[in-house]
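Kindly generate the complete structure, drawing on both the sequences and the hints.
Chains as they are written, first to last, in the working numbering: chain R, 1415 to 1611; chain U, 58 to 217.
One should not assume that every hint holds.
Here are the computed lysine to aspartate or glutamate pairs in the EDC-like style, where the Cα-Cα straight-line distance is at most 20 Å [claimed, not checked]: (1) U:LYS208 to R:ASP1425; (2) R:LYS1423 to U:GLU89; (3) U:LYS208 to U:GLU178; (4) R:LYS1474 to R:ASP1426; (5) U:LYS208 to U:ASP169; (6) R:LYS1423 to U:GLU90; (7) R:LYS1423 to U:ASP205; (8) U:LYS208 to R:ASP1426.
Derived from the structure by calculation, the hints contain no laboratory data.
Below are the chains, spelled out letter by letter.
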Amino acid sequence: MTDSAAPGKFDDVNEAVGEEWEAETTPYERVREVISREYTPRSAETVAADARTSPKTARKHLTALAEEGFVATSTGDHGGTYYRRSPESIVMEQATDILSHVSVDELVNRISAMRETISEFQTEYGVESPEELMVEHTNQTLSDASDNADGIDPDALQEWQTTRRNLAFANAALSIANAERFVGGDSSGPEENTSAP
Amino acid sequence: MNGTRGSAERHSLRGAIDRPALLAIRDVFNDEEPLAAATLDDFLNPTALEVRFEDGLCDADSCRLDIQWTVQGDYKFHYTDTLNVNLRWGKHPHGGDYIHVTGLEHYHPPPDASSDPNDVEDSCIQQSPDLLVARAVLKLWRTAYHADTLKPLNLGRNPP
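As C-alpha cells, then:
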C-alpha cells in the first residue's frame, strides 16, 4: 500500500504531533534531537519544554551529550549552564554526510565555485563579510537624513551567509578526505589507496 | 507551478539557510509520506528543500512544497500545485505588517499565498522544533488531502 494514511481525529495539530513524537521516542532521543540544531545557548528548561521531558531529565542527558562532545556548554549571566550544539560536532556530521555522497573531484570543483561566489560578494559590496555589510548598512541608515538608504538586498545577504556556511562544511569534508589518504587503517602505499566514494 | 518567489513578500528570513535542518525535514517527508519525495535543491549548498507529491490537494494532479529553514529557526513552507494554487506557512519577523498576526508564525492563505496585511492569518502551527513543524505541515496536508478541501490547512484540527 503506497497511499497516504488518513489522519485520525485531532483537536490541535501541535499537541497531536508532539504526542506522536513522544510515543515514538525516548526522552534521550528527543533531547538529542532538539539540541542537535540549536545553535544559540539554551537553558535545560527551554530544551526540556521542546523535548517534552522534565528539566531534570533534560539536564542529565545534556550533561552526558556534553561529555561526548555533541553539546557545548557555557555559563549564563546568573551562573546557570546553557547548552547548544557543539560546532565541531555539527561540522563533523555534515562533512561525513557530504563525503558519503559526493566525490572528491566534485567537492574540489564546488568548493572553488563557492569561493568564487563569496569573492564576488566581497567585491560587489566592498566588505569582507555579511556582518560587516550589516554594520555598514546600519551606519548608512543612521547617517542618512533621507530614508532611501536601502542598499542591502536581503536575498543576496542570505545567499552570502548560506554559501559561507556550506563552504565551511565542504572544506571540512575535503580536509578529511585528504587526511584520510595518508592516515589509514592499513599501512599499504600512500597515494593510491584513496577510497573516496 | 510558481515556487516560493511566486507571491511577493518583502520580509526575509534571518540568518543562513540551515543545511542540517533541511536534511532533518527531508527525512521526515521521505520516511513518513509515501506520496512525497524530498530533495535538496543543491546537495552541497542548498537554499531550499523541495518536496514533490505524486498527487495534489483537491483537483490538482500534483503539488510541491518548497521549504526554507534558517539557523535562527525562521522558516517558510510554500505549497504550490498544478492548478496554480499557492499558500504558505511562515515564521519570521514582519515588522507588525501582518495586523492579524500576534507572533512570528503566520499563514498566507490560498489561492495565491496572499501577502496582503489584511489576508495574512495567525498560523495554527505553533511548534518550534524543525521536526515537529515538518510533521505538523505533513499532518495538515494529509488532512486536507483526505478531506478534499484546503480548509484544514490552517484550522489545526481534524474534526471527526
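Do the hints match the structure? See the list:
{"no.": "1", "hint": "U:LYS208 to R:ASP1425", "verdict": "holds (15 Å)"}
{"no.": "2", "hint": "R:LYS1423 to U:GLU89", "verdict": "holds (18 Å)"}
{"no.": "3", "hint": "U:LYS208 to U:GLU178", "verdict": "holds (13 Å)"}
{"no.": "4", "hint": "R:LYS1474 to R:ASP1426", "verdict": "violated (30 Å)"}
{"no.": "5", "hint": "U:LYS208 to U:ASP169", "verdict": "holds (14 Å)"}
{"no.": "6", "hint": "R:LYS1423 to U:GLU90", "verdict": "holds (18 Å)"}
{"no.": "7", "hint": "R:LYS1423 to U:ASP205", "verdict": "holds (16 Å)"}
{"no.": "8", "hint": "U:LYS208 to R:ASP1426", "verdict": "holds (15 Å)"}
Taken one by one, the earlier hints fail for this structure only at number 4.
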